Amino acid sequence: MGGLPAGRVEPAEHDNAEWEWRVDALMTLLTGVKGGKKLMTVDELRKNIEALGPDAYDRMSYYERWVSSITQTMIQRGVVTTEELGRKMEQIEKRGRE
Amino acid sequence: MRKVYPLGHIRTPFYIRGRSGVVERLCGAFGNPEELAQMRSGEPKQPLYRVRFLQTEVWPGYRGNPEDALEVEIFQHWLE
Chain A
120 MGGLPAGRVE PAEHDNAEWE WRVDALMTLL TGVKGGKKLM TVDELRKNIE ALGPDAYDRM
180 SYYERWVSSI TQTMIQRGVV TTEELGRKME QIEKRGRE
Chain B
1447 MRKVYPLGHI RTPFYIRGRS GVVERLCGAF GNPEELAQMR SGEPKQPLYR VRFLQTEVWP
1507 GYRGNPEDAL EVEIFQHWLE
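Listed in order, the protein sequences are those of chains A and B. Counted the way the working numbering counts, the first sequence spans residues 120 to 217. Counted the way the working numbering counts, the second sequence spans residues 1447 to 1526.
It is worth saying that the hints were derived from the structure and are not from the lab. From a predicted model like this one, the values you see are computed outputs, not experimental measurements.
When the alpha-carbon atoms are kept at most 35 angstroms apart in a straight line, the in silico DSBU-like pairs for lysine-lysine are as follows:
1) B:K1449 - A:K156
2) B:K1491 - A:K156
3) A:K207 - B:K1449
4) B:K1491 - A:K213
5) A:K157 - A:K213
6) A:K157 - B:K1491
7) A:K157 - B:K1449
8) A:K153 - A:K166
9) A:K213 - B:K1449
10) A:K207 - B:K1491
Example chain B residues on the side facing chain A (calculated, C-beta under 10 angstroms, incomplete):
11) K1449
12) V1450
13) P1452
14) G1454
15) I1456
16) E1480
17) E1481
18) A1483
19) Q1484
20) H1523
We put the beta carbon where it would ideally sit given N, CA and C, even for glycine.
Pulled out of the complex, with its shape left as it was, chain B reads as follows (with noise of 0.2 angstroms):
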């Protein structure tokens, strides 16, 4: 995930920036939230994926179970 964090509204959450997933699937392509909570068109769509972290890579020093995982939606220009 890239690490950068502009203003503006955006979707993909603080605490998985900067971390690495494996992507599950590919959701679809959808409008880019970040232009369209601008009340701009949010053209071209932009593919959304579903990846998943494992928690001890998203939170340091998480002491449950190993394999805990997470799964959040986020879209292609996140990933690095």
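Bound-form chain A, shown alone (with noise of 0.2 angstroms):
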């Protein structure tokens, strides 16, 4: 990261799970790449997953960082807010339990 020395890369085959290829589509479809509008950059995905900070980083997976910096996009362009956000999270937590 960030031009930090680091270990091995290890190559190995793997097969994301459901919710990554969910993520990878969502943000194929927010950068208008299928003809959609266009409500972010590639560029905004990066300086948000850059703004995650050192632990949160490695802490996360790859789709995880993604998903963290889509939303904080959507946040700081108004087209969601964190009071939606968090009140959808609220009824989803919800409907978890029910």
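Take the two lone chains, each set in its own frame, and fit them into one complex as the hints suggest.
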């Protein structure tokens, strides 16, 4: 990360989890690649991943970083507000308990 | 207090989310910091309250004086 020393790169094949494919698809749609409305750029994705800080960066998986960065970008652009996001999270949590 | 952890810039400390306190007083109405932090207007202004929490309510296993309290300023939309 950021030119810091790191261990060996271990190449390994792996399959993505269902939610990871969904995050990937979300990014495709938000960047307007498929002709949709362009709501963010890959540069914003990168900027908000870098803003995570080293601790969170190391702790999160690849697509966890993506979904965190996409969320921050949507808040920064006003596509969603922190308030709307919090309410939705509470609603889904409640649904999970029912 | 609501117990939820959305992303963004939030002035409500993590350690009091989901805890119960008593409203001490209304401090006034201020621009919403969650919106101000994103360079938007923060309007309409949101009521801000001084809320008192017992330390025993905030920190499980708190061993100090049981009457020790903590006061935090909380925007209305974080109250439940």
